[in-house]
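With the hints as your guide, set chains B and C onto chain A.
For reference, the chains in residue letters:
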Amino acid sequence: MTLSAYLPILLLIIISTIFAVASIFVSSKLAPSRWTFAKRLPYECGIVPEQSDERERFPVKFYLVAMLFIIFDIETVFLYPWAVVYQELAVFGLIEMVVFIVILLAAYVYVWRRGGLEWAE
Amino acid sequence: MMGVQGEVAAGFEPVLAPLIIGLPLAGAVVLLIFGKRIGRLSGVLACGTIGLAAVAGLLNFIALLGAPEESRSTTQHLFDFISVGRFQTGVDLLLDPLSLVMVMVVTGVGTLIHVYSIGYMHGDPRYPRFFAYLNLFASFMLLLVLADNLLLLYVGWEGVGLCSYLLIGFWFDRPSAAAAAKKAFLVNRIGDFAFLIGMFVLFGAIGSLTIGQINEAAGALSAGVATTAALLLFAGATGKSAQIPLYVWLPDAMEGPTPVSALIHAATMVTAGVYMVARFSPVFEASGGTALTVVGVIGAATALWAALMACTEYDIKRVLAYSTISQLGYMFLALGVGAYSIAVFHLVTHAFFKGLLFLGAGAVMHALDGNTDMRHMGGLRRPMPIVGYTFMAGWLAITGVIPFAGFWSKDAILAAAWVEGNYVLWGVGVFTTLLTAFYMSRLYLRVFEGPLRTPEGTHAHDAPLTMAIALVPLGVLSVAGGVINLPGLLTLEHFLEPVVGESLAPEGALAFILSGIALVVAVAGIMLARSIYMASGAEARRARFVRPMAPLVNGARHKFYVDEIYGRLIVLPGKRFALFCADVLDRRGIDGIVNGTATLIGRTSQGLRHIQTGYVRNYAATFLLGVVAVFSFLILRVVAG
Amino acid sequence: MPEFTPPQVQLAGVAPEITLLVSALILLIVDTLIGERPNRWFLPVMATAGLVLAGAFAASTWGDNELQLSGAIALDGFASFVKISLAVFGLLTVWVGRDYLVRDALEDSEFYALVLLAVAGMMLMAAAADLIIMFLALETFSIALYVLVAFKSGSLTSQESAMKYFLLGAFSSAFFLLGIALTYGAVGSTALYGGRDPVSEPGIASFLSTSPTANTGLLVLATGFLIIGLGFKIAAVPFHAWTPDAYQGAPSPITGFMAAGTKFAAFAAILRLFDATLFSLRAEWRPLVIAIAVATMIIGSVLAVVQDDIKRLLAYSSIAHAGFILTAVIAANDRGVSGALFYLATYGLAVLGAFAVVSVVSGQDEARVRLAGYKGLFFDHPALAVALTLFLLSLAGVPVTAGFFGKLVVFGAAVQASYSWVVAIGVITSAIAAFFYLKIMVRMYLEESEGESSPLPIGRLAAGVIAITAVATIGFGVVPGPLLRAAEDATMFFQPAPETGQAPLGG
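Residue numbers (the working numbering), protein chains in the order written: chain A, 1 to 121; chain B, 1 to 641; chain C, 1 to 507.
Extracted from the complex, chain A is given alone in its bound form (with noise of 0.2 Å):
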């Protein structure tokens, strides 16, 4: 059985829970409160939110952008492991390259003539 290469996993998941467990237990009985009005409050310094409904909803256009963001950055990532080995890849990395950036021109071309990047209707 391989099964036993697995054991150190399954000891670190289960040290891994235990100790945030304690650690949270431990801390909150060992630490001194004393509670005071100004302490509940979000932000010490005194400004308090507004009060309304606390689960008030985004705009989704918060989400689109949000995750639109994330695509094109994390993409982006993607063109440093080339730029380490530019040299190696030669003309077929830089073919490989300006395929992947059309694409991703493509999407964008999209999005934006799609009206995704426009916050107001």
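If you are wondering where the hints come from, they were derived from the structure by calculation, not from laboratory data. Only a predicted model underlies this, so the values are computations on that prediction, with no experimental measurement involved. Beta carbons: idealized from backbone N, C-alpha and C, even for Gly. There may be inaccurate statements among the hints.
What the hints assert, rightly or not - Going by beta-carbon spacing under 10 Å, a handful of chain C positions derived as facing chain B:
hint	residue
1	Glu160
2	Ser172
3	Leu218
4	Val220
5	Ala236
6	Ala241
7	Trp285
8	Leu288
9	Ile432
10	Ala434
Chains B and C in isolation, oriented as in the chain A frame:
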């Protein structure tokens, strides 16, 4: 050549052969669909299609005659019918002397009877439908005789049975007609079932359904297999050709319109059994005598049996029906002694004179408002001369008076039986000749001779033109039809020899002696009938004649109680068994199981459907259940293994 | 710094997929650049062009037999057969979809682009020779389908069913991934085949052919999770619960596409994975697959009986069909593989045709999908009724339709592998299934239609699709030979050994 021509195997070149079947079929289809709109012209259309089919048949016949003898058989492949693995069956036509003789009879007599029907069925509300059925029958009959394989032949065989059923019951508003149609269908089914089994036996033993291959391989069959197959095929023939024990449907079939009786129940369909036995003669030969003996004995017995019943019957059409059964018995007698070509010869002449007799009887009925009881008739030859003289020709032909057509063929059958050494069969045949001459003379003399007598409120008139057109050619053929097999002249026997082999015939003085005996017996029968029906003092002589044979006459009048015996022995137990099956086995047993299963599945389904709640969480739970099941199963296996 | 060797890039194996991706992108860009037009005929034309080109590329590799892209893509007749079929399915979907979208005023370039992407993912599924690629392919077409199911914007059922499909799909993907992880743990690679040397070029097949049987335990566990992940996609019991809801909510052309395409793609992966790669482990996975197949056939057929919505009914029928095809997987022989291919191709055509009829009959906004809506259809629209009858007969496996031969070869393969009892259950459930197909026919032919019949606008494209699928269904039923032979020729790169007296392997 036209596009309808398919591939042609070796042999002569067929001429538009598919049209022989295709034209009547097309006519039937058109009439079935547009019959109402075509109306009065239906009859003309139907006559046209069958007439053109006759022309096509004739062209092929001429083409065949023009070919050298060794290439007088050809197969025309039209298209594949069933093609499953090793089992290949095409729609192939077999054109050879035998099939073309049959084609000529079917289309020739068929055309005349179609024409006759225009007059006979005039004024019937379902006039177009009648011609549609008639055309359909013709196409199935032609398919039957032209089929190159047993399966296709069976299609034709069942097809003519269906048309026969439809036409016997054409006036289905008459309960007797409906019952007769049902009876014909059911009795035929018995024979057809045996025929089908025989087909399976042949396919199992030989591995082919093609007629050529079956006949080629028949010689190699073991006697047992060949006998089994031959007897099963013959059982089919006893149904279709109304032989003992399955003849009982034919007299009742006279409920159909008379042209139907003439075409289907005299000239063509009922001879299908004769054709089939002749066609598969090698199979019957291969059984080493057993099968042929059975065929001959059944044939002779049927000939005698039916003739006895014909002697006491008063219904003009039923006399002719028994006569048909009897004559078909002669044909099987001929087949049984190996004289296949003579059987076909008698088939042809019988088609002429029996078709004629039926049409004549139909004309009489037509004139007398549908009356069929010959006790109410007499002296009709004078008011209706065309019918009278043509009927006379038919009468002389069937009684076997020289030189009418029936003489030659019947004489040849009896002679062949003698030469083959079957003296008993010969004796039965000769005695039946006496009976035939007697009952036919009784019929003719009572109806057409003597003082004029008609049923009350009717006055006889001669046949209308369309009916006369059909009667006259058939009359001529009944007189002179024997020439197709005159010794030394045109010989049908020689023509058919490549297909069915040679028939034995007596030689020299023996031939004349045998013919002479047959002729004397026939004349004796006529004289007997004349003496007790026509001559002065006939009544008294008749009483004296009948008294010693009273039980026999009485029995014959009641058809020897065969229908009653069948009813008691077969039909009643069958009905009881059917009721048992329907009520106990089917309704409570099988239906119970089927309905129970359906209910069970329905209920299960209704119950299970509640699992499908529509909530994703439940779906996921089901999913997870499956995952747990899979996982536990594999873990157990892995750990255990 | 270690020596860098650039990867070998051969594109022949993925040319169809690339074609489809590029077509989808071009289609989207062209549409956004051109802007709103009243009649956007160019969209289906471009989608058609892309699919035809992709199919041509797939056909051009017929007969090739190699691994490409570092062993991640299999280039073999099996993949070609599946890809060509999928291209055809895609074409039919696009054409029916066009008429459907125009009628319901839903037409958008995304529909075509997503269909193209889904087809690309499905094609990749058939060619995947690496579990990671297989997973990517699965997700590619799944995500496209999630959106397509929700394409009836404004229809709550459509949104709801898409959400269900998505959630459960994600759920199943997790198990599939777990299966991949366990495989990697057992084999040290996610490649299906691997090279000759199991150390330097590890792969499942090379691992199984060299490792002692005792070491396969983890891999056996992995197969279980792979079955779960793929079983979800083919709608096998108990991973089927999404099917009726998703089929009901999705636009009818997409439902047909899901039934035909998703099933084909997932079964292609199953056949490659189980009947080829994991063939020597068959003693381990067979009992599981048999249990799933039997449950699937029974549940699918029995539950279909009480459905009164034609799309739900066909959904259960598709579940039952998954069970029938699984019998070919169980057989794990050449006849099983070719039989499954034939079955999936002909089933796909029939079910696409059936849903084409459904999308025509259902009318504006799919208002008429109850079985009651099919009453007397024959008298109002005889051609539609006859076509639907033909498809239903094929689904029921009645002779002279393609479905008959599909069942014949699939069941025949299982009998050959001595699993007659599974076939017996298959035949019984087929009989139950025939009942509810008949139920629809009875409605169409023997009952009077309710209310007055409203005229159904039948688009030319939809009519064409119905005609094509009807002709194909009857054509492959009368002359199944060519397609059957093509399926037999579509052998896999890695062929199962002939079924011999099998020694129990593994665990």
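A quick look at each hint next to the structure:
1. Taken as an interface hint, Glu160/C checks out: its beta carbon lies about 9 Å from the nearest beta carbon of chain B, inside 10 Å.
2. Residue-level restraint check for Ser172/C holds (minimum Cβ-Cβ distance to chain B is 7 Å; threshold 10 Å).
3. For Leu218/C, the suggested interface contact is upheld, since its CB lies about 8 Å from the closest CB of chain B, less than 10 Å.
4. The criterion of a C-beta within 10 Å of any C-beta in chain B is met by Val220/C, whose closest approach is roughly 5 Å, and the hint holds.
5. With a least beta-carbon distance of about 9 Å to chain B, the hint placing Ala236/C at the interface is held under the 10 Å criterion.
6. For Ala241/C, the shortest C-beta to C-beta distance to chain B is roughly 4 Å, which falls under 10 Å, so the interface hint holds.
7. At a threshold of 10 Å, the smallest CB-CB gap from Trp285/C to chain B is about 9 Å, leaving the interface hint in force.
8. Against a cut-off of 10 Å between C-beta atoms, the interface hint on Leu288/C holds, since the closest Cβ of chain B lies about 6 Å away.
9. For Ile432/C, the interface hint holds, since its Cβ comes within 10 Å of a Cβ in chain B; the closest pair sits about 6 Å apart.
10. For Ala434/C, the interface hint is violated, the least distance from its beta-carbon to any beta-carbon of chain B being 12 Å, above 10 Å.
The structure fails to meet hint 10 from the earlier list, while all remaining hints are met.
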